[in-house]
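Trainee: One-letter residues, chain by chain:
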Amino acid sequence: MLGPGGSGFLRMTFLSDLPRGRYDAIVVGSGAAGGMSALVLARAGARVLMLEAGRRYDPTSETPMFDLSRDAPLRAVQTPEKAFGYYDATVDGGWTAPGEPYTTAPGSDFRWYRARMLGGRTNHWGRVAVRFGPYDFTGRTRDGLGQDWPIRYEDLAPYYDRAEALIGVFGSMDEVENAPASPPGVLQPPPAPRAYELFVKAGCTALGIPCLPTHCAVLTRPLGDRPACFYATACRRGCAIGANFQSPTVLLPPALATGRLDILTDAMAVEVVVDGAGRAEGVRYVDKRDRREAVVTARATILAAGALDTTRILLCSRNARFPDGLANGSGQLGRNLVDSPSTTVRAQFPALEGMPPYNEDGASLAHLYMPWWGHAAQARGELDFARGYHVEFFSDRIRLPDANIGAYAALAGGVGPALKRRLREVYGTVVNLSARGEMIANAASYCELDPEVRDTWGVPVLRFHFGWGEQELALVAHANRTLRALVERLGGRVLSGGDPDPAKAVSVGGQIIHEAGTARMGRDPASSVVDPFGQAWEVPNLFLSDAAVFASAPHKNPTLTVLALAWRNAEHVAQRLGSGSL
Amino acid sequence: VSAQAGTRMDRRATLRWIAAAGAVLAAAPRVVAEAGVGARTYGFDPDLLAPTVPWDLTLDDRRRALVAALADWILPEDARSPAPSTLGIADFVDEWVSAPYPAQAGDRGVILDGLAWVEAEALRRSGVGFAEAPPAQRDAVLGELAGAGSGAPPSFLERLRFLVAAGFYTTPEGMADIGYRGNEALLGDYPGPPPEALAFLRRALAALDLRADDLGP
Chain Y
1 MLGPGGSGFL
11 RMTFLSDLPR
21 GRYDAIVVGS
31 GAAGGMSALV
41 LARAGARVLM
51 LEAGRRYDPT
61 SETPMFDLSR
71 DAPLRAVQTP
81 EKAFGYYDAT
91 VDGGWTAPGE
101 PYTTAPGSDF
111 RWYRARMLGG
121 RTNHWGRVAV
131 RFGPYDFTGR
141 TRDGLGQDWP
151 IRYEDLAPYY
161 DRAEALIGVF
171 GSMDEVENAP
181 ASPPGVLQPP
191 PAPRAYELFV
201 KAGCTALGIP
211 CLPTHCAVLT
221 RPLGDRPACF
231 YATACRRGCA
241 IGANFQSPTV
251 LLPPALATGR
261 LDILTDAMAV
271 EVVVDGAGRA
281 EGVRYVDKRD
291 RREAVVTARA
301 TILAAGALDT
311 TRILLCSRNA
321 RFPDGLANGS
331 GQLGRNLVDS
341 PSTTVRAQFP
351 ALEGMPPYNE
361 DGASLAHLYM
371 PWWGHAAQAR
381 GELDFARGYH
391 VEFFSDRIRL
401 PDANIGAYAA
411 LAGGVGPALK
421 RRLREVYGTV
431 VNLSARGEMI
441 ANAASYCELD
451 PEVRDTWGVP
461 VLRFHFGWGE
471 QELALVAHAN
481 RTLRALVERL
491 GGRVLSGGDP
501 DPAKAVSVGG
511 QIIHEAGTAR
521 MGRDPASSVV
531 DPFGQAWEVP
541 NLFLSDAAVF
551 ASAPHKNPTL
561 TVLALAWRNA
571 EHVAQRLGSG
581 SL
Chain U
583 VSAQAGTRMD
593 RRATLRWIAA
603 AGAVLAAAPR
613 VVAEAGVGAR
623 TYGFDPDLLA
633 PTVPWDLTLD
643 DRRRALVAAL
653 ADWILPEDAR
663 SPAPSTLGIA
673 DFVDEWVSAP
683 YPAQAGDRGV
693 ILDGLAWVEA
703 EALRRSGVGF
713 AEAPPAQRDA
723 VLGELAGAGS
733 GAPPSFLERL
743 RFLVAAGFYT
753 TPEGMADIGY
763 RGNEALLGDY
773 PGPPPEALAF
783 LRRALAALDL
793 RADDLGP
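Protein chains in written order, with the numbering used here: chain Y, 1 to 582; chain U, 583 to 799.
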């Protein structure tokens, strides 16, 4: 296995003139789903071609780990071109991507975060790696809403185990209802909580809210050739030492080391090409460097481009046989679009003023979080919403200050020596408490091809329709009440957020970047796009392996489930390739 | 407030300078209206290892000196940290208000209007610009600026304080002052809060009648 020090990249082959017909599988996308699909298939002996729409990207050589905000334009503050700040590991993307617009229908608001780079959004992501629980696969059976998954937690559990062991996840073994523990020996020990986290936890305990170690894809112990975290610099810059999970440092090097993976970057997949018999021949793509189109072929095609890009490619794969998009006989393609409804309360806690300063960087992520605790109250009929939410909370002091630290001046007030003294007192006493909830798919939230707008490559763009339902607003209202009560119990004051009107407090659709559901899996071809292994019902050698296939999306961060599902699906594809049934 | 380096101006020159503020505003950098356009922005894939500021700085020497003087008034030098003017605060504010992004362009008008107000107020009180005014008159101008119901443009002081704090507390000196202690690679496990922080926390929780069970013995 190649180490994270860059050797894998030095040996990476980028082919511009590919031999035709020598691939067993094409994988579109190089992020969590694509990287895992390619790794599992290549290790199983399949010859794999990966298409990535973005450029080649190497975290080991491109990540300015310790560089100060002062060294970056505008002290590294967020801009329309770097939506999470100058040093964030998002290339050619953000809420807008150059040359690739999307549109929203009148009355709808939706944002779509993209990254056009090797590894996609795994370079930037929040690294929260939690399992879905047993209830999350059987929502409709439990409360009559939405759709059950065609698989159960037990089907995915072995792949969660393997994914956690492969990428490295820290967390605790606490037993929480519907938040399953991992088998012994799988998780790495969590880092010590920071003082403000222990402070908030004490408030949680008083209110009966659990507050436990987060599960995050960061190494606290060496794993293979990857060293443990050294507890400095933000994960979202990317990790040059490979101590967190990013596809380009964790999945792609071992996949390339098999010698059976080729990667084409700057290759924007446009459509799945289908033969006369209705089988996928391969993928037509645009080489973004010279704008030329080409077709690559393989025995099986796996779309793992991210839920919405995967959906877009299928919608664009229209022909006489599939006039409404490929594999869309059910009419469900693009439907059931969900994201996590969220509300954030920013609060200041006088009780923390005067705390002796110390290094709070830690893993740059929340070490503690609040898993959903309301199952019993729901069972008693005490809540006016189904499903649940969890709370992530963090201080501004866990990361190197950027220009946003200027906001503390207004908080402190005044000018001169008094302002300077007051700033020292309040810095580190502000905590952002962010609730992330589950959305039930609704008929008004979906995406389709815009009838007029095309991107710079001439490809129709997505148009979004989106609206939160009563369920989500009731959930957000509950979260606001909870967070305000917690702030009050801790003697704090709310600085912003938590508007009592949930319609004003709730995040914009897509803003949490947990979009899912637009090509859902099921047992019935009449109501789903793919089968329980991601195989398109109507195209036997076409598979989907990202969050598009989620039959529902709980409040839990989706990436670990994307990895586990991709592993399970790719294993299935590899078996089918091996048995000659594809 | 210390007098800052800058071009000395007489009354007529100061009046011309104030009048020019409007013209400068009209010449504000083009704002990015749509992703992917705007040649003077740093783009969607800037070199993170060798950052550059691709847009031109636009403040003249006199405005930069005024920014520096106001910054030193907002966050004055003390035993823990130096004056912002010694840490390049004028460069940062100039870079910010000259930047071709919507948020920064929004600050540009506020800051330029406010700087012009300071000059005009100094002129009204002392017959010369802020830099040339006697210390007592400068203090009077600043007192007016800081006071409630001042005639200064709305949000000028708030935005300037934001920028001065942003520029100052992102320097090593400023980070040390405010108590940011990270960005250092650690060997071994993350240690968590030191004993003195835990002792402080224990007292804080007791004052709130909260249990400190998770803090250890």
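No wet-lab data here; the hints were simulated from the structure.
Watch out, some of these pointers could steer you wrong.
[To be verified] The following label-pair restraints were derived from C-beta to C-beta distances:
#	chain 1	residue 1	chain 2	residue 2	range
1	U	766	Y	354	17 to 27 Å
2	U	767	Y	488	30 to 40 Å
3	U	622	Y	451	27 to 37 Å
4	Y	181	U	768	21 to 31 Å
5	Y	411	U	639	23 to 33 Å
6	U	740	Y	181	41 to 51 Å
7	U	766	Y	155	42 to 52 Å
8	U	662	Y	481	40 to 50 Å
9	U	740	Y	108	28 to 38 Å
10	Y	384	U	662	45 to 55 Å
11	Y	457	U	766	44 to 54 Å
12	U	768	Y	354	18 to 28 Å
13	U	634	Y	444	38 to 48 Å
14	U	684	Y	580	52 to 62 Å
Just so we're clear, the structure is a prediction, and the values are computed from it rather than from any experiment.
The beta carbon of each residue, even a glycine, is placed where N, CA and C say it ideally should be.
Trainee: For each hint, tell me whether it holds in the structure or not.
Mentor: Going through the hints against the structure:
no.	hint	result
1	U:766 x Y:354: 17 to 27 Å	23 Å, holds
2	U:767 x Y:488: 30 to 40 Å	39 Å, holds
3	U:622 x Y:451: 27 to 37 Å	35 Å, holds
4	Y:181 x U:768: 21 to 31 Å	28 Å, holds
5	Y:411 x U:639: 23 to 33 Å	29 Å, holds
6	U:740 x Y:181: 41 to 51 Å	49 Å, holds
7	U:766 x Y:155: 42 to 52 Å	44 Å, holds
8	U:662 x Y:481: 40 to 50 Å	41 Å, holds
9	U:740 x Y:108: 28 to 38 Å	34 Å, holds
10	Y:384 x U:662: 45 to 55 Å	52 Å, holds
11	Y:457 x U:766: 44 to 54 Å	45 Å, holds
12	U:768 x Y:354: 18 to 28 Å	25 Å, holds
13	U:634 x Y:444: 38 to 48 Å	46 Å, holds
14	U:684 x Y:580: 52 to 62 Å	58 Å, holds
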